[in-house]
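Chains as they are written, first to last, in the numbering used here: chain S, 1 to 418; chain C, 419 to 836.
The set of hints was computed from the structure by calculation and includes no laboratory data.
Just so it is clear, the structure is predicted and the values come from calculations on it, not from any experiment.
It cannot be assumed that every hint is accurate.
Distance ranges between label pairs, derived from CB positions [as the list claims (entries may be wrong)]:
| # | chain 1 | residue 1 | chain 2 | residue 2 | range |
| --- | --- | --- | --- | --- | --- |
| 1 | C | Trp-439 | S | Lys-74 | 21 to 31 Å |
| 2 | C | Leu-809 | S | Glu-198 | 55 to 65 Å |
| 3 | C | Asp-629 | S | Lys-74 | 25 to 35 Å |
| 4 | C | Arg-694 | S | Lys-370 | 37 to 47 Å |
Note that beta-carbon positions come from the ideal geometry of N, C-alpha and C, so glycine has one too.
2 protein chains.
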Amino acid sequence: MERLPGFRDFYPEPLPQPDLWSADARQYIFEHWRATARSYGFREYDGPPLEALELFTLKSGSEIIGQLYNFSDKGKREISLRPEMTPTLARMVAAHERNYKKPIKWFALPQLFRYERQQKGRLREHFQLNADIIGEKDPAADAELIALLIDTLRSFGLTESDFVIRLSSRSAWQEFFLQHKGEPAREYEFYQAVDKLEREEPAVTEQKLADLGLSLAQVRAFIEAGKPTVELQSILDNLSARGLEAYLKIDYGVIRGLAYYTGPVFEAFDRKGEFRAIAGGGRYDNLIALLSGGKVNLPALGFGMGDVVLLELLKERQKLPRFESGIDGVCVIEDESLRADSLKLIQTLRGAGLAIDYSLTPAKPDKQFKRAQELGASFVVRLERRETGELVVKARDLGTRQEDVMSLVDAPARLKRR
Amino acid sequence: MERLPGFRDFYPEPLPQPDLWSADARQYIFEHWRATARSYGFREYDGPPLEALELFTLKSGSEIIGQLYNFSDKGKREISLRPEMTPTLARMVAAHERNYKKPIKWFALPQLFRYERQQKGRLREHFQLNADIIGEKDPAADAELIALLIDTLRSFGLTESDFVIRLSSRSAWQEFFLQHKGEPAREYEFYQAVDKLEREEPAVTEQKLADLGLSLAQVRAFIEAGKPTVELQSILDNLSARGLEAYLKIDYGVIRGLAYYTGPVFEAFDRKGEFRAIAGGGRYDNLIALLSGGKVNLPALGFGMGDVVLLELLKERQKLPRFESGIDGVCVIEDESLRADSLKLIQTLRGAGLAIDYSLTPAKPDKQFKRAQELGASFVVRLERRETGELVVKARDLGTRQEDVMSLVDAPARLKRR
Chain S
1 MERLPGFRDF
11 YPEPLPQPDL
21 WSADARQYIF
31 EHWRATARSY
41 GFREYDGPPL
51 EALELFTLKS
61 GSEIIGQLYN
71 FSDKGKREIS
81 LRPEMTPTLA
91 RMVAAHERNY
101 KKPIKWFALP
111 QLFRYERQQK
121 GRLREHFQLN
131 ADIIGEKDPA
141 ADAELIALLI
151 DTLRSFGLTE
161 SDFVIRLSSR
171 SAWQEFFLQH
181 KGEPAREYEF
191 YQAVDKLERE
201 EPAVTEQKLA
211 DLGLSLAQVR
221 AFIEAGKPTV
231 ELQSILDNLS
241 ARGLEAYLKI
251 DYGVIRGLAY
261 YTGPVFEAFD
271 RKGEFRAIAG
281 GGRYDNLIAL
291 LSGGKVNLPA
301 LGFGMGDVVL
311 LELLKERQKL
321 PRFESGIDGV
331 CVIEDESLRA
341 DSLKLIQTLR
351 GAGLAIDYSL
361 TPAKPDKQFK
371 RAQELGASFV
381 VRLERRETGE
391 LVVKARDLGT
401 RQEDVMSLVD
411 APARLKRR
Chain C
419 MERLPGFRDF
429 YPEPLPQPDL
439 WSADARQYIF
449 EHWRATARSY
459 GFREYDGPPL
469 EALELFTLKS
479 GSEIIGQLYN
489 FSDKGKREIS
499 LRPEMTPTLA
509 RMVAAHERNY
519 KKPIKWFALP
529 QLFRYERQQK
539 GRLREHFQLN
549 ADIIGEKDPA
559 ADAELIALLI
569 DTLRSFGLTE
579 SDFVIRLSSR
589 SAWQEFFLQH
599 KGEPAREYEF
609 YQAVDKLERE
619 EPAVTEQKLA
629 DLGLSLAQVR
639 AFIEAGKPTV
649 ELQSILDNLS
659 ARGLEAYLKI
669 DYGVIRGLAY
679 YTGPVFEAFD
689 RKGEFRAIAG
699 GGRYDNLIAL
709 LSGGKVNLPA
719 LGFGMGDVVL
729 LELLKERQKL
739 PRFESGIDGV
749 CVIEDESLRA
759 DSLKLIQTLR
769 GAGLAIDYSL
779 TPAKPDKQFK
789 RAQELGASFV
799 VRLERRETGE
809 LVVKARDLGT
819 RQEDVMSLVD
829 APARLKRR
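Can you make the complete structure from the sequences, with help from the hints?
Below, the structure is given as structure tokens:
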């Protein structure tokens, strides 16, 4: 029985094969995502992994629709696994925003799905950190969100020599398009062409642009000039005040594929340009009104950071720690007549918050010691009965090899303090 | 746009309506599940939320098959959202068990799905703690697993007066069935009848049993005698050594609905009997061989604990903490000319691991103070420019109302130490 193509199993470390996915690395990434978002005052939310199909087809643009993992359920309802989190967020905010103070600062760690033609190494699911600010028009919100993005990546030990945020503006591109007499109805078509600029043959882009009444040279000149708008300058100044200016550059080569962006947009890339985008996001001031049928109208912005590219980058830059078993100590049972008392000791140590393992069945003491070392435990404990009949705990530090003798009563606190 | 029936949105606290689901309570439950499993030396794993349909139809018995959330994907593949984790675990273990030391002790926190006829309050998804031990036949493994179940519930502040583990044995029931001349081929039918005993009209069960050549009186007498098998006695003794005997009772009224159990089975219930089972599990020694086509043959056992009943119980017993914003401090910006310097301070404090919030746009100081209180922050900080031009940090403890003045350099360490 095989798993479905494009899906991942996550195994505990050490991994038996280098091509398996690590549950420990995933959890390590999740913990850093959560901790950084919380330090910025973002609150966690989540929605269902399945939504009504029309939640996603209503606004996301053609790129995402072709890749939806959608199907009919047993009740003939058209549903889809979520390809992105923003529509769910917009739906949730529209339903209950009245009771939350603005700006709303929320984050989620959703698993997202797409149904792509199966290609080697192409996944049909990944996890994302999604962080959004809702109810604030001021570019101070864009700066706050970008600072969170930067600090999230810094929390993994990545620095300004590892990554850069390419900051752009959908509204600057809109202005460019209209100034060059672009047809307003074909605006999104134009954004799509610019979005593909770096990945397509110049001749293909040239043709698309010509069809829209523009030239590749005009587009390239606009990107090259890279003149920040007033809004982008305000974001730059804000991030400079935080000391984060080295992580940013204005780069109109970025425009984002999704249809719903309206203002500043940005993507995080590794400096060497070896990987796909690490994260991307921007303003989508009209989306909540659209998805709530005009009921709620709130400006909003957000970004998503996937686990796959991030993990590749952390591996390549050797920023991942070595993942151990997480075991603090192993209880060695040398004398089977002391098993019941050892179980009691184990119970007490675990109750004190220590992670303790032991051999469920009788085993040679040297095998038990060896197992403790394999697990990366920092100590072993074992019970010993004195000639007086009294039980004592012998604890050996597996680093220093030093052995301490302590009473059963003292053991939890003393081992905890180590 | 509505969410699909039977699915949940999770909102940050404080909840605007009492009937909404709390993302904070969910995370609180997840953290306790993880911490306790780790203290027992269990390692985290995960698989895909979707699997090939036959992974679930191969062995789970009729009860689960009718409730599968299955469909055909765009490639005409028959797939299903996972209704339980055990088949995925068995698949993963069968693929790579050679490289993991036995016994394997693994846990996961999967979201599980079922497609039931929509009823008021009946959910189509829930989360579970799944913990399993693979590769150990000895009842010491059953005891270790049940101890983990007990300590997981205790980690929430629940005690022996709140819940009890009803311990039973599929093999004891098998022996009973064969001794009473039951037809081996109809064994599972018999287990199903016993499983429904507490929920069905006696006349219905009586009829089912008669059809199998047994009487309700015989079954009731067996349950009432409640004589532990050698295996169950060994589990009881092991748990007594840990001091956990008060959490257990032998109760053959429990048998578990799934087809694949083979030995000891158990369920956790609230003592008052107000809720459905909090958790359930048991031995399934033949399942891995079945699902791996005989390739791998390992004894195994596990339990699942759902988030929905647990949350109801914790609420009813008032064991949930009050969930705050998680914000440590709020930076109040009284003087807009100090905004850039305040952003620098906020960046430094967050970098030191403090959760800091502030007003993204100019706001009256008293409004900013009020917001700090609403957020449950423990302090506010603000910058003040001395006549000498020097900037100092004023930090007010929102509990004691005491205000301390400190330098920008000292602020992170001093506020962190509070």
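Against the structure, the hints:
At about 24 Å, the CB distance of C/Trp-439 to S/Lys-74 agrees with the hint of 21 to 31 Å. Hint check: C/Leu-809 to S/Glu-198, Cβ distance near 44 Å, so the stated range 55 to 65 Å is violated. Between C/Asp-629 and S/Lys-74 the beta carbon distance is about 31 Å. The supplied range of 25 to 35 Å therefore holds. The hinted range of 37 to 47 Å is satisfied by C/Arg-694 and S/Lys-370, whose Cβ atoms lie roughly 45 Å apart.
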